[in-house]
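Asks: Start from chain A and add chain B according to the hints.
What follows is the residue order along each chain.
2 protein chains.
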Amino acid sequence: MIITICREFGSGGRELGKRLSEALNIPCYDHEIIEMIAEKHGFDKDYISHVSENSIKAAYPMTIGHRFSYTPNHVSKQMIEVVTAQRRIIENFAKQGDCIIIGRGADIILESYNPLNIFVYANKEAKIKRYMERAAADEKLTFAKLEQKMSEIDKERAKHRALYTNAKWGDKSCYHLCVNTSGIEIKRLIPGLVAYVVRQWFLAQVE
Amino acid sequence: MIITICREFGSGGRELGKRLSEALNIPCYDHEIIEMIAEKHGFDKDYISHVSENSIKAAYPMTIGHRFSYTPNHVSKQMIEVVTAQRRIIENFAKQGDCIIIGRGADIILESYNPLNIFVYANKEAKIKRYMERAAADEKLTFAKLEQKMSEIDKERAKHRALYTNAKWGDKSCYHLCVNTSGIEIKRLIPGLVAYVVRQWFLAQVE
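Chains A and B supply the protein sequences, listed in that same order.
Take my numbering: the final residue in the first sequence is number 207, and no numbers are missing along the way.
Take my numbering: the final residue in the second sequence is number 207, and no numbers are missing along the way.
Because the hints were derived from the structure by calculation, they are not lab data.
Don't be surprised by glycine CBs; every beta carbon is placed ideally from N, CA and C.
Treat each hint with caution, since some may be false.
So, partial list: chain B residues that the calculated Cβ filter (under 8 Å) puts toward chain A [claimed, not checked]:
#1 Tyr131
#2 Ala135
#3 Gln148
#4 Met150
#5 Ile153
#6 Asn180
#7 Ala195
#8 Leu203
Chain A on its own, in the form it takes in the complex (with noise of 0.2 Å):
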């Protein structure tokens, strides 16, 4: 049983994958991975995490089922090196068993072993409602540069996919199931995703 989930920012994606991985016991994997990643290179941390969220955009000429068009440079090795062990590492983990995983591509890297995909999304005041709940005081933004985060973040994320696949992020052609938590706390939608996911699975076993 292996579920991979997309999300746009704000909308709960993460502690959705984290209450689910809960009530099925599975592990779930997020920023476990760029933690991994960091491990093993010896990058640091905030670098990578830098890479892999805000400047992908850079590393787009040179990767993945996309040819060179230049010599890559210093920087680009290292980016290259990110995402070809984040691959890695999002394969080993599908390798290891069921669990679930955040974000990353991973419902089109792990395609092979039919991962459960679901899209997570909200409107746009539930997730601006959901973030100013949620973040620390110091961390708080105006509506504005809030607003721009969001849609700069979730941009960001439509590239890093864009390495993987044309298959476009958000796009609901890409998953199983979308599930809209605007207006609805989180903890209320598990019963009924862990009944559903259940009973996907176990339907697959005894077919």
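Replies: Showing chain B alone in chain A's frame:
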């Protein structure tokens, strides 16, 4: 528990609604709506069906929420009656109790009832396969004609929706849950969906 289902043509949304209604033991309304209008208004059933599914475009300028830009002729008046009657009947269904309503903009019409809104979709290959398996031998179309038909029907559904709302047909933000039926038998999705729906409903009650 009011559930509305919007669906792409060929995705199995109607089968999903019917099976869900059987599992939940609540009524499901689809073509029955048209039949009730036909009985009530004495219109020819085929005509009503034609208006609802194919010619709603012509009714656009004179419907709910839009100002009349010209005096409707006889046919236009009939169309207003059809759309108004559909709306009234859908509201009556909801007043009578738990039910599933497929299509006809029920999610928008019944907004005040807080329905659970589901969108059912599939990739093109899956929809063509589904249609070909189910169509009577004399109904079968060439692939090209079927693709055209699929696209036309979905466009008309989108236009019908535009009578009630600016919220775009098929845009996941309109729905609580979007279910991809590609490569899976509809009946396999039902146990999980039932659990999802019942838990949501139960949690809403105990709150």
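Asks: Under the criterion of a CB-CB separation shorter than 8 Å, is B:Leu203 in contact with chain A as hinted?
Replies: With a minimum Cβ separation of about 5 Å from chain A (threshold 8 Å), the hint on B:Leu203 holds.
Asks: B:Ala135 was flagged as interface toward chain A. Is the shortest Cβ-Cβ separation under 8 Å?
Replies: Given a least distance of 23 Å, the restraint on B:Ala135 is violated.
Asks: Let me know if the C-beta of B:Ile153 comes in closer than 8 Å to any C-beta of chain A, holds or violated.
Replies: Violated, about 18 Å.
Asks: Does B:Tyr131 pass the interface hint, meaning its C-beta sits closer than 8 Å to a C-beta of chain A?
Replies: At 18 Å from the nearest chain A Cβ, B:Tyr131 fails the 8 Å test, so the hint is violated.
Asks: Hold the hint about B:Met150 up to the distance rule: shortest CB distance to chain A must be less than 8 Å.
Replies: violated, 14 Å
Asks: Closer than 8 Å between Cβ atoms is the bar; does B:Ala195 clear it against chain A? Give me holds or violated.
Replies: Nearest chain A Cβ about 3 Å off; hint holds.
Asks: Just to be careful: measuring from the Cβ of B:Gln148 to every Cβ in chain A, is the smallest value less than 8 Å?
Replies: violated, 20 Å
Asks: Is the interface hint satisfied for B:Asn180? The criterion is a beta-carbon contact with chain A at less than 8 Å.
Replies: holds, 5 Å
The structure does not agree with the numbered hints 1, 2, 3, 4, 5 stated previously, though it agrees with the rest.
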